[in-house]
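J.: Sequence lines, in order, name chains A and F.
Just so we're aligned, residue 0 is where the first sequence starts under numbering that gives the first Met the number 0, counting upward by one.
Just so we're aligned, residue 0 is where the second sequence starts under numbering that gives the first Met the number 0, counting upward by one.
Think of the hints as simulated: they come from the structure by calculation, not from any bench.
Among the hints, a few may not be true.
To be verified - Pairwise CB distance ranges (calculated):
hint, chain 1, residue 1, chain 2, residue 2, range
1, A, S366, F, L31, 49 to 59 Å
2, F, P46, A, K494, 27 to 37 Å
3, A, A658, F, G47, 26 to 36 Å
4, F, I29, A, L581, 57 to 67 Å
Glycine included, every Cβ here is placed at the ideal spot set by N, Cα and C.
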Amino acid sequence: MKSDNIINIDNNGKLIIDDSVSEITNSEKVVLVGNPNVGKSCIFNFMSGMYVDVSNFPGTTVSITKSNFNGKEIYDTPGIYGVSSFNDEERVAKEIILDSEIIINVVNALHLERDLFLTLQLIDMGKKVSVLLNFADEIKKRKIKIDTKKLSELLGVEVIETSAINQTGLDKISSAIQNARVGNQQLDLHFMLQSIIDQSIPQSEALLILEGDEETANKYNIPCGTPDQRENIYIGRRNRVNEIVDQVEYQDTKSGEFFNRIGRLSLNPKTGLPILGVILVLVYFFIGDLVSQQIVDFTENTIGKGLFEYNAKSFVADYTPTTIDVSIYDESEKLVDFKSFNFPDGKNANAQLNDEFVSFSNQPGASSEFHFGNPFVRLFFGEFGVITMTITYLLFLLFPLVIGFYFVMALLEDSGYLPRLATMLDRTFNKIGLNGRAVIPIMLGFGCITMANITTRLLGSEREKSIVTAILQFVIPCSAQLAVITVLLSGAGLKPLLIFVFVIATVLITLSTILNKLLPGESTPLLIDLPIMGFPKLKNVLKKTYYRSWGFMKEASFWFFVGAFAVGIFEITGILNIWQDLLAPLTTSWLKLPKEAANAFVMGMVRRDFGAAGLFDLNLTSMQITVAIITITLFVPCIASFVVMLKERGLKEGLTVWAGTWITAFFIGGLVAQIVI
Amino acid sequence: MPNSTLDKAKKGKIVTIVNLPSGNIRSQLIRLGLTEGGTIKCLERLPGGTIVIQKNRQEIAVGYDLAKKIKVILQ
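Extracted from the complex, chain A is given alone in its bound form (with noise of 0.2 Å):
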């Protein structure tokens, strides 16, 4: 390599040229120019054979690299996204292309609308360029098809892939400097320049001068352009370029064809509907089946109440007066065997009895109901004890559900689909208040209501969220209270299906409706980004899944203790009983259901599965199914979405609408019982 005396070398051993561009003589000068980070350095690096390090920083240096390349003296320059004055970095660039005839632009194929303005700015100066598109090996990874040869006949000008990190492509540097040539210019804007040209100036100066930049219009002593001019300018130049990008870029591989079609057609209701359809029955083989059925199975029963719960009573029991039922059921869930153990001092009062009770209770199928005679003890250790509940309930029941849920919500997030969605319902949430991101909440609903109201926050407004509180506490059952009801039904029949979804569909509509007009205030329009389509990563998906999971958590579990807490305390001091005999009355006559269903009711508040549940074992006609599950799907939310809900939306919004949905459950129930019963 040859320097020569213009060139100074700088601590870092980078060989530098100051100032003195305006020394270099204009024989045959090749100039590299680029935006940041588009791997100029690294193309000059192979050009001159020495090392030249690969910033990574807009600008680390302002120092111009020189060397010679087959005879041409050859510059890099610093990383520019257009030629003018805003900074040293521009400044610098400027002087060095405007004192070079060919330019050689560097272009990031990553980043093609942002670069090509670059791009567009030296064709109209003039010069003669030719492009290198760099990362042309990265687009291929990333299902990315630039047309290449479209690009070059746009831009007029050569384009030559190149991956400099990988060194292919570069044996072409020299055919592109040879071939450099001026590029198809913006007519208007070459008439623009034209006045100016008249009076001697190059075009290249010219522009600069029409642009504004005052430096070059001094040089002249003529006036530069307006700054409303120049925006002018930049604006007719972006749309081209986004014109351009438009005609030569596209989603390359099959898949990337195949999801962009999928993303198109999931827009439009007359082809989303259906592919709505697919991906809920998906999603059902994976939370309804999967994860609410076997995996919440395994963790509940055996993990929960069969280690965790049978284990920290038992050694409760060890201490304090405990009467133990032990129930031993075979494989069809028939009783077999029935023991109850008495401990009036405790387990560890009588080590005998307790043998006796270790071994009955550790055979297979075996189930233990310990009964504590102290109503502390109950309190915290009972069968709603705040600690053995609220813990099952918690780590073994909701926790694998919430993380099921997560888990899909995150990955129709990131293969684009759930935007895609909230599109297409957004005109008919529209109707009631709302726009298409209610949706995320009011599905999230159908895992867990505590959950989704946690999940309102992301809406606009204070008027959006009410209405979609509401409705999630009224009509949107969540998946425990789904797996009851989907029992109930399917011994039942179709009628009673039908009667069902007319009566929550109904009361849905007249629900959101009358709260869309009587609430004050506007709703926030939709504006959604839509990503591309594509397979989702699992490793951000994971990721997503793993902190949504831990943050509600961390937020909601504190609640849930709260609320089998007050649970806890209406059962020692009698008040669940008490409520439960002031529902009976309601129950018979109104309902027309048997009275034990008014238990049912009672323990809807504390778990919603619960409430349900309770309603296997009546023999109910398939009329009564529908009435007992129309009114407790559409009763109060179980405890610890109420104490969320009142968390969320204050005190006075959160009693209303737990008042409203007591009223609304038994109006609608008793209404439906005295037309069908």
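Given chain A, work out where chain F should sit, using these hints.
T.: Relative to chain A, chain F alone:
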């Protein structure tokens, strides 16, 4: 071409934005790359009037009520 609003844009047509509504929504629009003077392509018009536009390679869904407030020149 006379001034119009985005909700009137036809599928596949390019429009130039003349005026964006004021307030918070304005900054959100600008952040998504929609600026006065910029051109966008109307990709889809869904039943009911939700508009899907394309700006560069980015696709953006705009609700009907918002689309009515964005003044554009139809081309």
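J.: Honestly, do S366/A and L31/F meet the 49 to 59 Å range at C-beta?
T.: Cβ of S366/A to Cβ of L31/F: about 58 Å, so the range 49 to 59 Å holds.
J.: Honestly, do P46/F and K494/A meet the 27 to 37 Å range at C-beta?
T.: holds (33 Å)
J.: Look at the Cβ atoms of I29/F and L581/A and judge whether their distance stays inside 57 to 67 Å.
T.: Since I29/F and L581/A have Cβ atoms about 59 Å apart, the given range 57 to 67 Å holds.
J.: Measuring from beta carbon to beta carbon, are A658/A and G47/F in 26 to 36 Å?
T.: Check passed, 35 Å falls within 26 to 36 Å.
Going through the hint list in order, the structure satisfies each hint without exception.
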